[in-house]
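Quick mapping for you: the protein sequence lines, in order, are chains A and B. So the first sequence is numbered by my numbering: it starts at 1 and just counts up by one. So the second sequence is numbered by my numbering: it starts at 1 and just counts up by one.
Wrong hints could be hidden among the right ones.
Residues on chain A that point at chain B, a partial pick, calculated with CB under 7 Å [what the hints assert, rightly or not]:
hint	residue
1	GLN23
2	GLU25
3	ILE47
4	LEU50
5	ALA53
6	LEU54
7	GLN63
8	LEU64
9	ARG65
10	SER66
Which residues of chain A face chain B? A partial, calculated answer using Cβ under 10 Å [unchecked claim]:
hint	residue
11	ALA21
12	LEU24
13	VAL26
14	PHE38
15	GLY39
16	ASP48
17	SER57
18	PHE62
Simulated from the structure, these hints should not be mistaken for laboratory data. For clarity, every value in this text was computed on a predicted model and none was experimentally measured. Cβ coordinates follow ideal geometry from the N, Cα and C atoms, glycine included.
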Amino acid sequence: MSSTTAMTALEAELAALIVGALQLEVTPEEIDPEAPLFGEGLGLDSIDALEMALAISRKYGFQLRSDDERNGRIFASLRSLAAHVEKNRVG
Amino acid sequence: MADIPFLNRAPGEILARRGARPVTAGEYLADVAALAARLPGAPYALNLCEDRYLALVAFGAALARGVVTLLSADRSPHRQRELLARYPGTIALADGVETVIPAVTAGAWGRGGGENFDLPEERVAAIGFTSGSTGEPAAHAKPWGALVAAARSAAARFGLDDPEDGATVIGTVPAQHMYGFETTVMLPLRAPVAVHSGPHFYPVEVAEALAAAPGRRVLVTTPLQLRALVAGGVSGASAVISATAPLSPALAAEAEARLGAPVLEIYGATEMGSIASRRTIKGEGWTLYDGVALRAEGGEEAAALVPGLPGPVPLSDLVEIGADGRFRLIGRRGDMVKRGGKRASLAGLNRVLTEIEGVQDGVFIAPEDLEANPAARLAALVVAPGRTPAEIVAALRERVEAVFLPRPVVLVERLPRNAVGKITRRSLEALRDTLADGRDG
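Just chain A, with the same shape it has in the complex (with noise of 0.2 Å):
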């Protein structure tokens, strides 16, 4: 694909929770981990949004919110995402 860099273990961690969970026509390892989850990228919409949520706050122990902008960042790629769940995640 055209990312140029190399997935982190965290990232195709949530790259496989993510296909798994949304149910999506791509393997994980195809998912680009520096384009959009939402909108262009992957296509996301909100109710992937809830169910991400979801299946983040299982695995990981913390809750995602809606607070606009750091949300906006959160999902705007895979690689965001991981850094926002490695920062959070409990134990």
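Since the structure of chain A is already known, use the hints to place chain B on it.
Relative to chain A, chain B alone:
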């Protein structure tokens, strides 16, 4: 024609809660007056506010200036331009979202003052939109009298008309979706409730709002959100109201048990507003709001006669009307599909699909569980030599709402059209089953 006051609240009553801070009806009127004074003359105002209190202030300010509010939960630049083209002179009232049309920033700038005012009941206060059968949005004008009558009926139906109660409404639905508009904007204007400004999208935000609100707490949500809230362990509501799609009895029972509160449903549509309710675990029959009547139109089709609306409004669902006046939903009229509180016509979607450059033929397929299962989506079978599924989705994205984007897009050599070029119901069902097997396996 009679005049009806804009606000039906005493100045000292709490009308909203912004976080922990209560806002009285008097303070609200001051905020409305302050924003109204900043509005340029305009025929229409597109209310884009995400903060529910600011959406309420923006609606009031528009009314005070005789400006018609356009309600669109879709805030995208594309939608803003589309509405401006259709309603020349429109200004946006926004609180942070990116605007691409002339805009005024909405805020709570009241410093005292602000008077209540009267509005003629036939005045169009707001216009809501649905996806029409052709795929182009259809407009539905809402006279002030109809909005007031619906709010009054809802307050009576849900026991929210007791000033001693001081209920707080916590909504997960956008204020610009007709259901969210009725329950979280019109209701606090007409009934003794306080609306929480939000945001309430993720379960933790709803949990915190429920924990912080004093008195009765009414959660206004959707089946998809409710499922997430139950899974997220949210509790503490006094009553739950759900709408936009029928709630499964199993989810309703689980939500009642987990939340310890009755789970009620509203039946309605953008073009007619809310017209009936039920408590899901008590059976599938819907009880009409006071003043609303259903008129059978032959077969299983019906139209609603709604106070304040000029003519009967056809229901998009097929219904069976019982001897007791209650009704059951038995299917959807025509080829409409519904997801995430939005409706679209399959024929309209197919037309958009086949207009894409390089697409020779194509058809959208709706799974049977589209409304009940959050993981269910539309799929599309497409004949487009040389094009990829990703390109087709990218082209669709410009014209189709995200919730209706197909997943998967399957490229095929041809579609099973019969001698007259139609895809029969039977072959569509076979295709749907094949796709469903792929999804489950």
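Each hint tested on the structure:
1. GLN23: 6 Å, holds
2. GLU25: 4 Å, holds
3. ILE47: Result: holds, 5 Å to nearest chain B Cβ.
4. LEU50: Constraint on A/LEU50 satisfied, holds at 5 Å.
5. ALA53: 5 Å, holds
6. LEU54: 6 Å, holds
7. GLN63: Hint on A/GLN63: holds, closest Cβ of chain B at ~4 Å, below 7 Å.
8. LEU64: The hint holds - A/LEU64 has a Cβ within 7 Å of chain B, the shortest such distance being about 5 Å.
9. ARG65: 6 Å, holds
10. SER66: 4 Å, holds
11. ALA21: Status holds, d = 8 Å.
12. LEU24: 7 Å, holds
13. VAL26: 9 Å, holds
14. PHE38: At about 8 Å, which falls below the 10 Å cut-off, the nearest Cβ of chain B leaves the hint on A/PHE38 intact, so it holds.
15. GLY39: 7 Å, holds
16. ASP48: Interface hint status for A/ASP48: holds (9 Å vs cutoff 10 Å).
17. SER57: The hint holds - A/SER57 has a Cβ within 10 Å of chain B, the shortest such distance being about 7 Å.
18. PHE62: Given a least distance of 9 Å, the restraint on A/PHE62 holds.
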